[in-house]
Amino acid sequence: MAKKLGNIKMPKELEEIIKESSNAEASEKPADYDVKEYNSESFLLRFDRLIDPVILSMFFGLYKSQELPPEDPETKFDLEGSYEFGVDIEEYREIFNNLLLCLWIHKNSFPTSKDVSEFRKRLYNFTKKILDDDYFRGVIIPFYTKKAAESTRGRSFLARMRGSGYVRYKKEKMSMASQEFICKEFAERQEEFGDLIIKPLSKKV
Amino acid sequence: MMSDKSLHFSIINVEGYRGRNFKLKMQAPSKQSVFVMEGNTGKTTLIELLRWCFKYPQSRAEGKFRHMFTEPAHVLDWDFPNKKQRCKIEIHFSKNGHNYMFRRTTEGEYSKEEANEGEIGDNISKIEDVIEVDMGAEVYRGDDAHTVLTELGITASADYFLFDGERAREYMQFASDRSKVQELVDAVDKRVTPRRLVEYSRDLNELEERVFQELGSRVTDRGLSRVLNRLHDLGLEIANARREQRRLDDEIGALERTAKQLEGNIAELNDKIISIKSKNLNQITILNNEIKNIKDGIYRERSSIYENFLKLISHVSDKEIINKIKTKIRERGKLPEPYRKDLINLCLESDPPLCHICGRELDKKSKERIKLLGKQVAPHNVQVFLSSDISYETTPFDPNKKYFEIEKLLEELESKEKKLDRVQLSSEEKNLMKDRDKKLALLYKHQEHLGDLRGELDACVGEIRRLEGEEKELKKKSKLWREYRIILDEIESAKNIIEETKKEIKKYTINIISETIGKSVKSILGPRFSAKLTEDSLYLGENEVFHPEVGGMSGRLVLAYCFAEGMTRVDPMIIDTPVGKMDDSQREQLAGHLKANHRQVILLCLSTELDSFAPVLSPKRTKIQNKRGNVTWLKS
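Protein sequence lines, in the order shown, are assigned to chains H and P. In terms of the numbering used here, the first sequence opens at residue 144 and continues consecutively. In terms of the numbering used here, the second sequence opens at residue 257 and continues consecutively.
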């Protein structure tokens with residue numbers, strides 16, 4: 144039986160993206176909107192499912208932050224948005240957990256013969272945690288979507304995705320909210336994660 | 257023509273003013289006079305002296321002389337400074353069988369020092385005017401002399417029948433510069449409002465004032481006196497408010513007409529722009545279609561990114577590494593969970609402790625090792641996760657490829673749009689658009705101003721109502737007032753009739769002047785051209801298009817002549833340096849027109865302006881030379 148995700152806490156921007164991707168009326172046009180210069184229908188309506196932006200921002204948050212989630216399952220996040228999902232995302236969750244596992248090993252190093260027992264103990268604890276549905280819903284998703292809402296240089300990933308409903312038919316700067324830039328940046332962060340976290344581990348196996 | 261043809265100038269004699277000394281003797285009536293005066297011999301001074309004498313009475317003449325664009329300018333001869341001098345101008349003319357001689361004498365001292373300090377330099381001690389009618393049969397002095405000139409219609413027309421470059425420039429601006437509207441409105445108003453009506457209005461106001469005074473003198477009661485005083489004040493306030501209302505009405509009317517004209521011009525310009533655009537329509541249509549296709553392509557590509565974004569997540573190129581890592585970290589050679597955990601428990605829980613695989617008893621050390629194994633036991637789901645390889649289908653989705661595809665489309669779009677701009681915006685079209693945008697900005701400004709004025713008008717009407725209400729209430733209360741009410745009502749009614757009459761006459765006169773100007777322009781510039789005068793606009797027209805930009809300099813100069821002709825009430829035209837940039841044929845046409853339409857034209861011109869103009873007016877020409885130093889000295 145498929146697992147239903149339930150209510151998820153998330154940044155406000157993400158909640159707005161979800162609302163706009165479900166309702167053409169909710170999409171906000173730019174102040175200088177001109178039908179000759181912009182697309183007429185919001186690109187946010189092109190997502191297949193409402194959960195898609197959540198999955199994307201969760202992965203982006205992991206790629207960009209390269210941080211492990213807090214261990215305490217009761218950790219509270221200061222997030223204003225929330226949405227109730229009745230979908231199953233096991234396919235993406237599995238990928239995500241594998242990436243988290245790599246990150247955990249990257250941060251903890253492979254064990255020597257002396258400390259293998261302690262290593263396994265901690266590894267099993269971590270893995271147990273990330274496989275826990277409540278922890279995934281209550282810590283992992285809020286933690287990484289929040290990371291996607293944090294800006295380092297210019298606008299955050301989520302802020303740009305939020306503004307990507309209507310895009311000018313012209314070349315934009317990298318900081319702008321066009322689909323090609325958002326996607327390119329996602330791919331770059333993904334590649335960086337592979338290069339910095341996963342590939343170095345291959346030398347040790 | 258509307259002008260009085262009986263006026264004829266015969267002699268103008270200038271002595272001393274600004275160092276000018278000459279005498280002009282005109283040809284007999286119906287013959288034109290041409291005077292050749294070289295540069296700096298007094299043409300401008302003469303025209304300005306005539307305006308000064310005709311426009312300002314003796315009591316107001318000092319400081320009113322204007323020369324070119326300088327006002328006040330000096331009238332005394334600056335070649336003879338710091339000595340008392342007397343200057344004189346005599347103008348001989350006839351009208352309706354009577355001969356007149358107007359003379360203005362000015363005495364004073366010219367101070368070089370004051371002039372060097374930026375003052376005009378004149379220290380006038382006396383200005384004296386006199387008019388002798390029929391060789392002294394009647395003599396009018398001082399301001400009475402001016403009254404005679406006014407009665408003869410000369411004063412009101414001095415700005416028109418005395419025509420020079422400065423006036424020409426001013427009238428040309430009337431036809432093209434909207435900031436001069438008020439000056440044009442004032443000039444037209446002054447020209448078309450009968451003097452008699454103005455005087456009647458003044459008389460009625462005085463009569464009303466006297467009635468109030470009479471009323472006031474009969475009142476002994478203090479309270480009533482206050483009521484009457486208030487009524488009197490209210491009458492004045494209402495009259496003022498009505499004047500303001502009329503002014504606002506006029507200004508709003510003028511602005512509305514201007515706005516309408518601008519709207520017409522903008523529509524016309526838009527038509528022209530569309531007409532130019534239609535020439536390139538085919539190319540534009542093709543380009544527009546191409547642009548639309550590219551935009552559709554960009555939209556499809558961008559949409560496909562969000563449609564396929566999640567595929568990027570599945571695109572894990574490092575999955576083999578991940579699987580290897582998992583293989584390395586999970587325990588090998590063990591029983592799968594939960595069997596292993598059950599086996600450990602069995603070994604530790606049996607008494608004595610026994611290995612349930614080989615059956616041997618466990619010593620203390622072996623027991624400790626098995627206990628440690630228990631701590632390493634992973635829950636079932638963890639064991640499953642660690643033992644299963646990451647495996648999923650990777651669907652090709654290349655974000656870099658998408659990025660470059662979209663970038664290529666955007667470049668293509670930019671190039672097509674530039675091409676479209678080039679096709680759409682020819683220089684002619686650009687100019688038209690620039691012009692249209694300028695007019696639009698002006699229109700918005702006018703509309704904004706109109707809004708303000710309408711607000712002011714509403715406030716003014718409200719104030720009038722309030723004042724009238726107060727007046728009505730006070731009148732009801734005052735018994736004595738009722739006795740006088742009939743007289744005052746009659747005065748009010750007469751004043752209203754005069755105002756209405758003024759309006760009617762104004763409308764009628766403007767139409768006549770407009771027709772006159774139109775006909776004159778046609779006769780000089782040809783049948784394609786015309787002109788139009790309204791209360792607040794003067795336009796040259798070509799092919800029935802009336803617009804501030806119709807006609808070049810020469811066309812506008814002709815319009816200025818015709819405007820002056822249309823506005824003057826007297827027939828003679830005294831013209832200084834007349835033809836500017838006109839070509840020969842236009843000069844001839846203009847001269848022919850002047851000759852045919854005026855009993856007297858007095859032309860002051862340079863010898864270089866004789867060709868094609870002066871000979872058409874008159875074959876005879878008189879060369880005038882200024883006699884320097886012909887000043888009259890006075891004993892100190």
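Hints are supplied without guarantee of correctness; some may be wrong.
In silico EDC-like pairs for lysine to aspartate or glutamate, Cα to Cα no more than 20 Å straight-line [as the list claims (entries may be wrong)]:
{"no.": "1", "chain 1": "P", "residue 1": "K657", "chain 2": "H", "residue 2": "E335"}
{"no.": "2", "chain 1": "H", "residue 1": "K327", "chain 2": "P", "residue 2": "E563"}
{"no.": "3", "chain 1": "P", "residue 1": "K567", "chain 2": "H", "residue 2": "D275"}
{"no.": "4", "chain 1": "H", "residue 1": "K327", "chain 2": "P", "residue 2": "E500"}
{"no.": "5", "chain 1": "P", "residue 1": "K657", "chain 2": "P", "residue 2": "E668"}
{"no.": "6", "chain 1": "P", "residue 1": "K627", "chain 2": "H", "residue 2": "E234"}
{"no.": "7", "chain 1": "H", "residue 1": "K179", "chain 2": "P", "residue 2": "E624"}
{"no.": "8", "chain 1": "P", "residue 1": "K567", "chain 2": "H", "residue 2": "E180"}
{"no.": "9", "chain 1": "H", "residue 1": "K155", "chain 2": "H", "residue 2": "D258"}
{"no.": "10", "chain 1": "H", "residue 1": "K162", "chain 2": "P", "residue 2": "D552"}
{"no.": "11", "chain 1": "P", "residue 1": "K597", "chain 2": "H", "residue 2": "E261"}
{"no.": "12", "chain 1": "P", "residue 1": "K672", "chain 2": "H", "residue 2": "E180"}
{"no.": "13", "chain 1": "P", "residue 1": "K658", "chain 2": "H", "residue 2": "E331"}
{"no.": "14", "chain 1": "P", "residue 1": "K664", "chain 2": "P", "residue 2": "E557"}
{"no.": "15", "chain 1": "H", "residue 1": "K313", "chain 2": "P", "residue 2": "E500"}
{"no.": "16", "chain 1": "P", "residue 1": "K658", "chain 2": "P", "residue 2": "D645"}
{"no.": "17", "chain 1": "P", "residue 1": "K551", "chain 2": "H", "residue 2": "D231"}
{"no.": "18", "chain 1": "P", "residue 1": "K446", "chain 2": "P", "residue 2": "E370"}
{"no.": "19", "chain 1": "H", "residue 1": "K250", "chain 2": "H", "residue 2": "E180"}
{"no.": "20", "chain 1": "P", "residue 1": "K584", "chain 2": "H", "residue 2": "D177"}
{"no.": "21", "chain 1": "P", "residue 1": "K582", "chain 2": "H", "residue 2": "E261"}
{"no.": "22", "chain 1": "P", "residue 1": "K879", "chain 2": "P", "residue 2": "E370"}
{"no.": "23", "chain 1": "H", "residue 1": "K314", "chain 2": "P", "residue 2": "E500"}
{"no.": "24", "chain 1": "P", "residue 1": "K664", "chain 2": "H", "residue 2": "E328"}
{"no.": "25", "chain 1": "H", "residue 1": "K313", "chain 2": "P", "residue 2": "E670"}
{"no.": "26", "chain 1": "P", "residue 1": "K627", "chain 2": "H", "residue 2": "E261"}
{"no.": "27", "chain 1": "P", "residue 1": "K674", "chain 2": "H", "residue 2": "D177"}
{"no.": "28", "chain 1": "P", "residue 1": "K575", "chain 2": "H", "residue 2": "D258"}
{"no.": "29", "chain 1": "P", "residue 1": "K567", "chain 2": "H", "residue 2": "E210"}
{"no.": "30", "chain 1": "P", "residue 1": "K582", "chain 2": "H", "residue 2": "D275"}
{"no.": "31", "chain 1": "H", "residue 1": "K272", "chain 2": "H", "residue 2": "E334"}
{"no.": "32", "chain 1": "P", "residue 1": "K320", "chain 2": "P", "residue 2": "D260"}
{"no.": "33", "chain 1": "P", "residue 1": "K582", "chain 2": "H", "residue 2": "E331"}
{"no.": "34", "chain 1": "P", "residue 1": "K287", "chain 2": "P", "residue 2": "E327"}
{"no.": "35", "chain 1": "P", "residue 1": "K582", "chain 2": "H", "residue 2": "E180"}
{"no.": "36", "chain 1": "P", "residue 1": "K675", "chain 2": "P", "residue 2": "E500"}
{"no.": "37", "chain 1": "H", "residue 1": "K313", "chain 2": "P", "residue 2": "E557"}
{"no.": "38", "chain 1": "H", "residue 1": "K264", "chain 2": "P", "residue 2": "E624"}
The hints are simulated quantities; they were obtained by calculation from the structure and are not laboratory data. The structure presented is a predicted model; accordingly, all values stated were derived computationally and were not measured.
Outcome of the hint check:
1. Note on P:K657 and H:E335: the hinted pairing holds, with a Cα-Cα distance of about 18 Å set against a maximum of 20 Å.
2. The straight-line distance between the Cα atoms of H:K327 and P:E563 is roughly 15 Å, inside the 20 Å bound, and the hint therefore holds.
3. The straight-line distance between the Cα atoms of P:K567 and H:D275 is roughly 25 Å, outside the 20 Å bound, and the hint therefore fails.
4. Pair hint H:K327 plus P:E500 does not hold up; C-alpha atoms about 70 Å apart against a cutoff of 20 Å.
5. Distance check on the hinted pair: P:K657 and P:E668 sit about 17 Å apart at the alpha-carbon level, within 20 Å; holds.
6. For the hint linking P:K627 to H:E234, the alpha-carbon distance of about 37 Å lies beyond 20 Å, and the restraint is violated.
7. Only pairs whose Cα atoms come within 20 Å are accepted, and H:K179 paired with P:E624 is rejected, the gap being roughly 78 Å.
8. Restraint check for P:K567 and H:E180: the C-alpha separation of about 29 Å exceeds 20 Å, so the hint is violated.
9. For the hint linking H:K155 to H:D258, the alpha-carbon distance of about 44 Å lies beyond 20 Å, and the restraint is violated.
10. Between H:K162 and P:D552, the direct Cα distance comes to roughly 25 Å. Violation of the 20 Å bound is thereby established for this hinted pair.
11. For the proposed pair P:K597 and H:E261, the alpha carbon gap of about 18 Å is at most 20 Å, so the pair holds.
12. This hinted pair checks out: P:K672 and H:E180 have alpha carbons roughly 14 Å apart, not beyond 20 Å.
13. As the CA atoms of P:K658 and H:E331 are separated by approximately 14 Å, the hinted pair is consistent with the 20 Å bound.
14. Proximity of P:K664 to P:E557 is assessed by CA-CA distance (about 11 Å); at most 20 Å being required, the pair is judged to hold.
15. For the hint pairing H:K313 with P:E500, the CA-to-CA distance comes to about 56 Å; that exceeds 20 Å, so the pair is violated.
16. For the hint pairing P:K658 with P:D645, the CA-to-CA distance comes to about 31 Å; that exceeds 20 Å, so the pair is violated.
17. Distance check on the hinted pair: P:K551 and H:D231 sit about 36 Å apart at the alpha-carbon level, beyond 20 Å; violated.
18. Distance hint between P:K446 and P:E370 is unfulfilled; the C-alpha atoms sit about 37 Å from each other, more than 20 Å.
19. For the hint linking H:K250 to H:E180, the alpha-carbon distance of about 48 Å lies beyond 20 Å, and the restraint is violated.
20. For the hint pairing P:K584 with H:D177, the CA-to-CA distance comes to about 58 Å; that exceeds 20 Å, so the pair is violated.
21. Of the pairs offered as hints, the one joining P:K582 and H:E261 holds, with about 17 Å between alpha carbons and a cut-off of 20 Å not exceeded.
22. Taken as a hint, the P:K879 and P:E370 pair is broken in the structure, with Cα atoms around 35 Å apart against an allowance of 20 Å.
23. Between H:K314 and P:E500, the direct Cα distance comes to roughly 59 Å. Violation of the 20 Å bound is thereby established for this hinted pair.
24. For the proposed pair P:K664 and H:E328, the alpha carbon gap of about 19 Å is at most 20 Å, so the pair holds.
25. At roughly 7 Å between alpha-carbon atoms, H:K313 and P:E670 fall within 20 Å of each other, so this suggested pair holds.
26. Taking the CA atoms of P:K627 and H:E261, the gap is about 14 Å. The hint holds against a cut of 20 Å.
27. Under the criterion of a C-alpha separation no larger than 20 Å, the hint pairing P:K674 with H:D177 is consistent with the structure, at around 18 Å.
28. Taking the CA atoms of P:K575 and H:D258, the gap is near 27 Å; set against the 20 Å cutoff, the hint is violated.
29. With a C-alpha separation of about 23 Å, the suggested pair P:K567 and H:E210 falls outside the 20 Å cut-off, and the hint is violated.
30. Pair hint P:K582 plus H:D275 holds up; C-alpha atoms about 19 Å apart against a cutoff of 20 Å.
31. The straight-line distance between the Cα atoms of H:K272 and H:E334 is roughly 26 Å, outside the 20 Å bound, and the hint therefore fails.
32. Pair hint P:K320 plus P:D260 does not hold up; C-alpha atoms about 27 Å apart against a cutoff of 20 Å.
33. For the suggested pair P:K582 and H:E331, the alpha carbons sit about 25 Å apart, so the restraint of at most 20 Å is broken.
34. Between P:K287 and P:E327 the alpha-carbon distance is near 35 Å, which puts this suggested pair outside the 20 Å criterion.
35. A hinted pair counts as satisfied when its Cα atoms are at most 20 Å apart, and P:K582 with H:E180 does not qualify at roughly 51 Å.
36. The hinted pair formed by P:K675 and P:E500 fails the criterion: a straight-line CA distance of about 57 Å is larger than 20 Å.
37. A threshold of 20 Å between alpha carbons decides the hint, and for H:K313 with P:E557 the separation of about 14 Å falls inside it, so the pair holds.
38. Simply put, H:K264 and P:E624 have alpha-carbon atoms about 17 Å apart, close enough for the 20 Å limit, and the pair holds.
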